[in-house]
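Engineer: Residue-level listing of the chains:
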Amino acid sequence: MFAKVHEQNRMKIDEMKELILKKAEELGLDFFPTIFEIVPANVLYTFGAYAMPTRYSHWSFGRDFFRMKTMYDYGMGKIYELVINSNPCYAFLMEDNTVTQNMLIIAHVLAHNDFFKNNCRFKETRRDMVEAMALAANKITEYEKKYGKDRVEELIDAASSIAYHIDPYGKTLPAKKKKEKVKETPYDDLWNLEIRKQVVKVEPTFKAKKIPETPEFDILRFVINHNRSLEPWQKDVLTIIRDEMFYFWPQIETKLMNEGWATYWHLHILRELELDTAQTIDYAAMHAGVVTPSPYKINPYYVGWKIFEDIRERWDNPTEEEIAKGREPGKGLEKIFEVRANETDASFIRNYLTEKLVEDLDLYIYEKTDKLPEPENPRPWYKQEKEREWWIVEEKKWEKIRDALAGSYATHGIPLISVEDANYRGQFGTGILLKHHHEGSPLHEVYCSNTLAYVSMLWNCEPVYLHTIAKDDDMEVTVSYDPQEHKVSWDVRGD
Amino acid sequence: MSNELISGVVSQQDWSLYRKGEADQERHKQKLNKVLKKNLADIIADEGIIMSDGKKVVKVPVRSLDQYKFVLDPNSRKSAGTGKGDSKKGDIIYQKGKGTQGKGKGPGAGEEAGDEYYEAEITIEELQALLFEDLGLPYLDPTKKPEFVVEKIRFDKVRKTGLMNNLDKRRTILNTIKRNALAGNPGVKPIKPEDLRFKTWSKKLVPKSNAVILAMMDVSGSMGNYEKYIARSFFFWMSRFLRTKYTNVEIVFIAHHTEAKVVTEEQFFHRGESGGTMCSSAYTLALDLVAKYYSPQDYNIYAFHFSDGDNWGYDNPKAISELKKLCEVCNAVGYGEIVSEWSGNYTTLFKLYQEELVKRIGNFNQVIIKDKSDVYGALHAFFRPSWDTDAEFVNAPPVALSVIEERPVAISINYLSKPALPVGAIEPYPTGIAEHCLREPDFDARVAKGEFRLISEFLGSFTDLPIQVYEDREGIEIKRYKTLYRR
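Sequence lines, in order, name chains A and B. Heads up: the first sequence at position 29 corresponds to 29 in our numbering, and the numbers run straight through without jumps. Heads up: the second sequence at position 53 corresponds to 53 in our numbering, and the numbers run straight through without jumps.
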């Protein structure tokens, strides 16, 4: 009987899919062929936790799976779908979804697909990542059998800790080669009186090269290339992790836009279809649930969608000033397609978040503090009780909000860390020196200390040092990790 | 858009055997168990367990395992949000801590950045297994306990026939008197055969595996709720451990101050008493009970005493001598001293016990407990496999355990005291009735402004003068007194 129900369901979804595909193509979406797989809840949550159906096994995915599944079981949150950047594009729909829900989701998925295919940042990503990950997972399983699950797990833990610090766009400068004076004739130097006056310095022919010569922002790459004592299988695992991060990186960079784009289209495609009242109410309810604004964070579905609507509106109906400058009316659709191809979240916000949008969405920046702001606190000598925290709106000026948001989407909360010197002499001996390029926010101290232990593990258990600026007093500090004692010390830098 | 290829396909395969997520979840659980083991000290004294009152499954808040990476400090980061349309600078969108009702709905699950806790559901059995494994104790499956049963002869029956040797003289005489009285012939003679009563025996199957815990606790004024809680935590695990070894485990609760009394478990842990402390009273009572009800041949006796060590000096020698006697009949005797941060190092009692008992007697041990996590250490000190009936016992030094954990201290505002005036100063208030609102300048004005709100007024029980209780915006109470001055 279950098979029959599933069969019926599937056929209905098939019909829907044909309708929606046609409509999407009509409206101009350009996407890879898509495979919609209907899966039970635990499978969808597994894929949600692993991000890809064929990824290697790791306890952290197990933890996330458990967490997500628990939230689903308790009715606290639901994943409806999962879509993968690949060609053909794989999309997974939850078995329990109703037909109308599936319609909305299929439209949503097609828009994601179009985004993956056309956004500039995705041009270099592998479209066969599903298969590639399957191969990688197999390799890792082989290594686990050969070298032991614990060793491989440890290595993956360590690699994952610094995986976010890759350098997709080449912040790492190539080492500058010293320019030699080209002698044009053998007698040039005689004419150049300057040179004759110079004192000839004898330079030692052998100089220890500083490794790395210029700060290296791709920590994993640095470890792979420079750690001579890594075994080939270990290098392989590190490379797998790094490649995965490269694959996911554009998705991290365009999350807001992508969700906004998909929301825009699931709304507009479904509006064009002829739905009866019940279906309309169903999908309107689901849409409303997805775009609920949150007072505590930016809901990408909501904000992204609203920005796209705004762009469409402004380019369809430009003001007189804009027309005078050459903008033709009615170009809204063209413009949003152009935007989806060329921008990332940071530039999207910087270029298209207007004053009006900030007002309409009532955006603000808030901070969490354990002190009530001054005017309201009549007794500043009174020490507040512990465990009290207030979240207070701090900024309402639209330019500041726009700049702050664009800035945060540019860094994604990932601190900028580079490898400065692999042979740094610190208090625990010679080790590797990292630098945190402080952009206004300090590091989480406990996490930092523990991550240094992982870095040390990847660097032959040598001491690790990190230059950063401390949280409380803004002083420059060196964080030193001693692998012998497994302890970390934070010292103010004298120099 | 290629037209030859199918642009979309719906498929539904059989996923019923797919267990990838569950497999890795198992792995996570294994790692979590390792972490649980490391933190057993904190977990076993958790209130959820000790007060669980027999519930099988207990929720223990456990942080899920972290994946460490370089992240920005979440508390220093500002976040953005979308409001309802009228937000302005200074609006409080959320308030954590006391009095959050009404100050905006809190962030939902997954919205808050930072620490992730989830409650690991762990059955008490699992926790017990972890704990005992960690303490190096054999964990016996409670369902598979071997029944050691012994036939014992007990003279607890009375019959009309029996051996003359077993004549129950008292009952016989009573029956004679009764019969004679009924016949109108008071007196003891004659004794007829039908009056005779004989003591006879029945065979009782007594499980050899019997244990009794003599739980003794000092309930004098110095033992507060916290101390009682520590004691309870210890007894909880002690009884569970002994239950794995013995079929029948009884606990007798003896509460004492200057006198000792057998009480119920409820009274043991909840009733407060006051008064001085004479530890020997508890030991004497314990010895009494052993003599009357718990013969060492039938029972494995474990005696344990909790106190804060503040014994009356002249009682010490008696305490020691009684304890020595107790050690002779018990499998093991222990003493736990619960100290709070303001008392000094070991008390005299502790030192005395150390001298007289620990060093000389094999089955006595003592520990100091300063906070919840020390309970674990206490269990460790007492239940190492060597601390047992037959094994060789190694004298262990007293275990002084961890550093005091900072307990949050409630801040209470007390506006009772008058500020001290320098000697010779003229008192600024006239005789008669004066009002103090010294800590709060311009109190009346601020009440008028609305900063403080009067919530109740009553008469003081000593002075019969009115006391007003105000509340300010955060819910902090201020009492306003009128004081009588006399010259």
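These aren't lab readings, by the way, just hints derived from the structure by calculation. In this text the structure is predicted, and so the values were computed from the model without any measurement. Each residue gets a CB set at the ideal place from its N, CA and C atoms; glycine is no exception. There may be inaccurate statements among the hints.
Far from chain B by the CB rule (all over 12 Å, computed), these chain A residues [said to hold, decoys possible]:
1) A24
2) F122
3) Y169
4) N227
5) E231
6) A288
7) E321
8) K335
9) N342
10) E359
11) K368
12) D370
13) E394
14) Q427
15) Y447
16) T451
Computed list of lysine-lysine pairs in PhoX-like fashion (alpha-carbon distance at most 25 Å, straight line) [said to hold, decoys possible]:
17) K318/B - K292/B
18) K88/B - K487/A
19) K368/A - K117/A
20) K396/A - K89/B
21) K351/B - K325/B
22) K396/A - K88/B
23) K255/A - K29/B
24) K228/B - K160/B
25) K325/B - K149/A
26) K149/A - K31/B
27) K297/A - K88/B
28) K78/A - K89/B
Engineer: Now tell me if each hint is right for this structure.
Structural biologist: Structure-based check of all given hints:
1. A24: For A24/A, whose nearest Cβ neighbour in chain B is about 9 Å away, the distance does not exceed 12 Å, so it is violated.
2. F122: holds (17 Å)
3. Y169: Given a closest Cβ separation of 19 Å, the condition holds.
4. N227: holds (19 Å)
5. E231: holds (23 Å)
6. A288: At roughly 15 Å from the nearest Cβ of chain B, A288/A sits farther out than 12 Å, so the non-interface label holds.
7. E321: E321/A clear of chain B: closest Cβ-Cβ about 28 Å, beyond 12 Å.
8. K335: For K335/A, whose nearest Cβ neighbour in chain B is about 21 Å away, the distance exceeds 12 Å, so it holds.
9. N342: N342/A is indeed farther than 12 Å from all Cβ atoms of chain B, at 21 Å.
10. E359: violated (9 Å)
11. K368: With a cut-off of 12 Å, K368/A comes too close to chain B, as the shortest Cβ separation is near 6 Å.
12. D370: With a cut-off of 12 Å, D370/A comes too close to chain B, as the shortest Cβ separation is near 9 Å.
13. E394: Given that some Cβ of chain B is not farther than 12 Å from that of E394/A, nearest at about 7 Å, it is violated.
14. Q427: Consistent with the label, Q427/A stays out of reach of chain B, its closest Cβ about 21 Å off (over 12 Å).
15. Y447: The assertion about Y447/A is violated, with a minimum of 5 Å to chain B.
16. T451: Label violated. Min Cβ-Cβ 5 Å, cutoff 12 Å.
17. K318/B - K292/B: holds (21 Å)
18. K88/B - K487/A: Violated, at roughly 46 Å.
19. K368/A - K117/A: Violated: K368/A and K117/A sit about 39 Å apart, past 25 Å.
20. K396/A - K89/B: Answer holds: K396/A to K89/B is near 6 Å, not above 25 Å.
21. K351/B - K325/B: At roughly 19 Å apart (the allowed maximum being 25 Å), K325/B and K351/B satisfy the hint.
22. K396/A - K88/B: holds (7 Å)
23. K255/A - K29/B: Distance ~31 Å between K255/A and K29/B Cα, so the pair is violated.
24. K228/B - K160/B: violated (53 Å)
25. K325/B - K149/A: violated (57 Å)
26. K149/A - K31/B: holds (13 Å)
27. K297/A - K88/B: holds (16 Å)
28. K78/A - K89/B: Judged against 25 Å, a Cα distance of about 34 Å means the pair is violated.
Going through the hint list in order, the structure does not satisfy hints 1, 10, 11, 12, 13, 15, 16, 18, 19, 23, 24, 25 and 28.
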